[in-house]
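Taking the hints into account, I'd like the entire structure generated from these sequences.
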Amino acid sequence: MYTDKKSILQLASLLRSFGIKRIVLCPGSRNIPIVQTFANIPDFTCYPMTDERSAGFFALGLALHGGTPVAVCCTSGTALLNLHPAVAEAFYQQVPLVIVSADRPAAWIGQMDGQTLPQPGVFGTLVKKSVNLPEVTNEESEWFCNRLINEALLELNHHGKGPVHINVPISEPFFLLPEKELPSARVITRYQGLNIYDKDYQPLIERLNKYQRRMIVVGQMNLIYLFDKKYTKMLYKHFAWFTENISNRTIPGMPIRNMEPLLCSMNNEEQEKMRPELLITYGGHIISKRLKKFLRKHPPMEHWHVSVDGEVVDLFGSLSTIIEMDPFEFLEKIAPMLDSRTPEYPKIWETRSKAIPQASFAYSEMSAIGEVIRHLPVPCSLHLANSSVVRYAQLFDLPEEVEILSNRGTNGIEGSLSTALGYATASDKLNFIFIGDLSFFYDMNALWNSNYGTNIRILLLNNAGGEIFHALPGLELHENARRFVTATHTTSARAWAEDRGFEYLSAHNGNELHTAINAFTQPDVTTHPILLEVFTDKALDIELLKEYYHNLKQK
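When the letters of the sequence shown are read in order and numbered with our numbering, they come out as residues 1 to 555.
Worth flagging that the hints you see were computed from the coordinates, not collected in a lab. Hints may contain errors.
Unchecked claim - Listed next, the in silico DSS-like pairs over lysine-lysine satisfying Cα-Cα at most 30 Å (straight line):
| id | residue 1 | residue 2 |
| --- | --- | --- |
| 1 | K546 | K292 |
| 2 | K229 | K297 |
| 3 | K180 | K6 |
| 4 | K293 | K229 |
| 5 | K129 | K233 |
| 6 | K546 | K297 |
| 7 | K292 | K6 |
| 8 | K354 | K237 |
| 9 | K233 | K161 |
| 10 | K21 | K6 |
| 11 | K546 | K293 |
| 12 | K347 | K553 |
| 13 | K129 | K6 |
| 14 | K229 | K347 |
| 15 | K289 | K354 |
| 16 | K21 | K129 |
| 17 | K297 | K273 |
| 18 | K273 | K354 |
| 19 | K273 | K289 |
| 20 | K21 | K161 |
| 21 | K347 | K292 |
| 22 | K293 | K6 |
| 23 | K180 | K21 |
| 24 | K229 | K354 |
| 25 | K289 | K237 |
| 26 | K333 | K347 |
| 27 | K293 | K237 |
| 28 | K237 | K292 |
| 29 | K6 | K354 |
Listed below in structure tokens is the structure:
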């Protein structure tokens, strides 16, 4: 009945779930498994058309009658190009068409194999979305395939209607029809705002109230948002709130921030018991690898992502609903609609979180970060460079008056210093910059300008190389490769800092660090910017960190 190609089975199932029932089918060999599958689905009405140029416009006419999406399927090669005029017309008329093109495996494109040309993205800006499906070989590629199809079909009526293109590479053999049923494929839905005119609005709230184990995870947010007090209590008590210090003040209450040590202290069975039923996310990137692993291994029944752009962001592999609106507007709108019952789930998380002792280390990179954080004057801005620095900073509590900034869009080490200096130049507060040696020396030319002032304090953590590489589980570096991977060096920033007009401080042990911190964190703007270079042993740093997490697991 149906092909054994899982990408095609996912496509067929999702077309049906999205209510696309009319399909124009063009002849060919590479699209045989698609055609045979579609033709055998009772919910589909299929129309045979030989000429792809005509087929595209025929599908356009079908879609114009009623305004619902119509699919048109063709084989590989120039057959797809013949649909171009109809696709252009659909784009400018804002008609929802789904172009499904069969394709040869990528390895054979451009190798003089028959009916091959680069098909992904062939329609350029004349489609609202173009996706190239993977050939499904494992769970990850099946999730990826499902996500891409959802993304394409959701775009048919997102901010106006229009055509989308789904390209389907198919390897041989492809004439087999062993499957008797279509799979139950995950469907992602999108709400474009919540209002009384949306017929699905009330069921959404009913689903929300059905769940008692509700978790909200807040990613990076470069702003301060203070919730209206009348919403704060009713929101906070209904959810287990998880976030990191890069989210700043964007939560209605005191969230759980020590997620790395907290999750480390729980075994797999304990984590499964604390699995959320409903996960709601807003904001940008999450730093914690343990949180990502926890929510991927113990996925919620539903995951709602709230964002202004309404894009598909499936970080934990369980996205079910996109809510396209300002997250704070969403939270304040749902607050009065929550059941009055106070669930126990948030309290259990809060109790576990409070039982984790504050992180404490002997002299090391971690202790330097922790000590400076404890002495930060408020208010101030704190810039966290990537790699070890931003991760270690999450282990310590920060005052709410400290604004946190970090280049977590792509998590690269380049440009951290330049970004911080650009911000500090326009700021009237003290700006502290925590940065590792590789990040600093990579971007040291940031100091080679005259734009910045004296409100800058740089904490440079120098352990003569890339410490994070030593912490990767299972990584064993041979001596001849170590210097290439970890970029070992014997460089100090002293000469460069003093040449650029910085007051230079340094520390090689706990006593020197304690003395330097008093000058480094003084609340008044000084006559010169300050750079504090802390020298540590990366092997010892890693051992102290491993010992810290090992002790958590023993509790």
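Q. Which numbered hints does this structure break?
A. Failing hints, ascending: 2, 4, 5, 9, 29.
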